[in-house]
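Heads up: the sequence lines are chains A and B, in that order.
This note's numbering runs 1 ahead of the 1-based position in the first sequence.
With this note's numbering, letter number 97 in the second sequence gets 93, and the count goes up by one each step, no holes.
Certain hints may be false.
Partial selection, computed: residues in chain A whose CB lies under 10 Å from chain B [unchecked claim]:
1) Gln7
2) Pro9
3) Ile13
4) Tyr36
5) Gly43
6) Arg56
7) Phe61
8) Glu76
9) Asn78
10) Gly109
Not close to chain A: a few residues of chain B, all C-beta gaps over 12 Å, as computed [what the hints assert, rightly or not]:
11) Ser8
12) Glu12
13) Gln38
14) Pro40
15) Glu41
Source of the hints: derived by calculation from the structure; they are not laboratory data.
We put the beta carbon where it would ideally sit given N, CA and C, even for glycine.
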Amino acid sequence: KAGVTQTPRYLIKTRGQQVTLSCSPISGHRSVSWYQQTPGQGLQFLFEYFSETQRNKGNFPGRFSGRQFSNSRSEMNVSTLELGDSALYLCASSLGQGLSNEQFFGPGTRLTVL
Amino acid sequence: DAKTTQPNSMESNEEEPVHLPCNHSTISGTDYIHWYRQLPSQGPEYVIHGLTSNVNNRMASLAIAEDRKSSTLILHRATLRDAAVYYCILRDVGVKNSGGSNYKLTFGKGTLLTVNP
């Protein structure tokens, strides 16, 4: 079974631009979560989607948004990029139901904002 | 979310057991204890989880204190490939945010495990 894939793996943008990151979950998984990882703040939860609906949201500004498609693939978008948005963005998928589903993480997209 | 406390770093020798502690004194009855690890340049990887009873799988064992205020991840024979940051996370399966989910993982700083050859 293929794992979680994220594209692109690396991205360089400049301040003020916007960016879209893509995540393909494991086949059969309906939940996709996004996390931001930085050296200073560690791993922080952004949001989670299940069956095309956002079910939970972390404490990030409205510049960070996402969506999920009917095939469970997900995209996250960051508008008006700031230097502090430079980070590793991780996507995780899970079955989405049940009490203790483990999350499977992708390799991440490394975003650098200049 | 209930908080966990872990040592910043630990060191072990190859082929020796490793006991990684985690304190979670404010754990609630609906919190599952999850462990994930992150190898260098990779996304986090699920290791094990439990609620009340000790758990074993092919990767590790999880020992949970009787009062559930602490737990220990046990790697029975450390290898160089086990060098990683280990995260102890409480996941509340009893909380719903008006239709929201309980699949959010709140990561702390974790424990950096160094394995010496």
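Now the hints, each set against the structure:
1. Gln7: 9 Å, holds
2. Pro9: Because about 15 Å separates A:Pro9 from the closest Cβ in chain B, which is outside the 10 Å limit, the hint is violated.
3. Ile13: Constraint on A:Ile13 not satisfied, violated at 18 Å.
4. Tyr36: 8 Å, holds
5. Gly43: 6 Å, holds
6. Arg56: 4 Å, holds
7. Phe61: 13 Å, violated
8. Glu76: The hint is violated - A:Glu76 has no Cβ within 10 Å of chain B, the shortest such distance being about 18 Å.
9. Asn78: Nearest chain B Cβ about 20 Å off; hint violated.
10. Gly109: 5 Å, holds
11. Ser8: Correct as stated: the minimum Cβ-Cβ distance to chain A is 23 Å, above 12 Å.
12. Glu12: 27 Å, holds
13. Gln38: 6 Å, violated
14. Pro40: Label violated. Min Cβ-Cβ 5 Å, cutoff 12 Å.
15. Glu41: For B:Glu41, whose nearest Cβ neighbour in chain A is about 7 Å away, the distance does not exceed 12 Å, so it is violated.
Of the numbered hints given earlier, the model fails hints 2, 3, 7, 8, 9, 13, 14, 15; all others are met.
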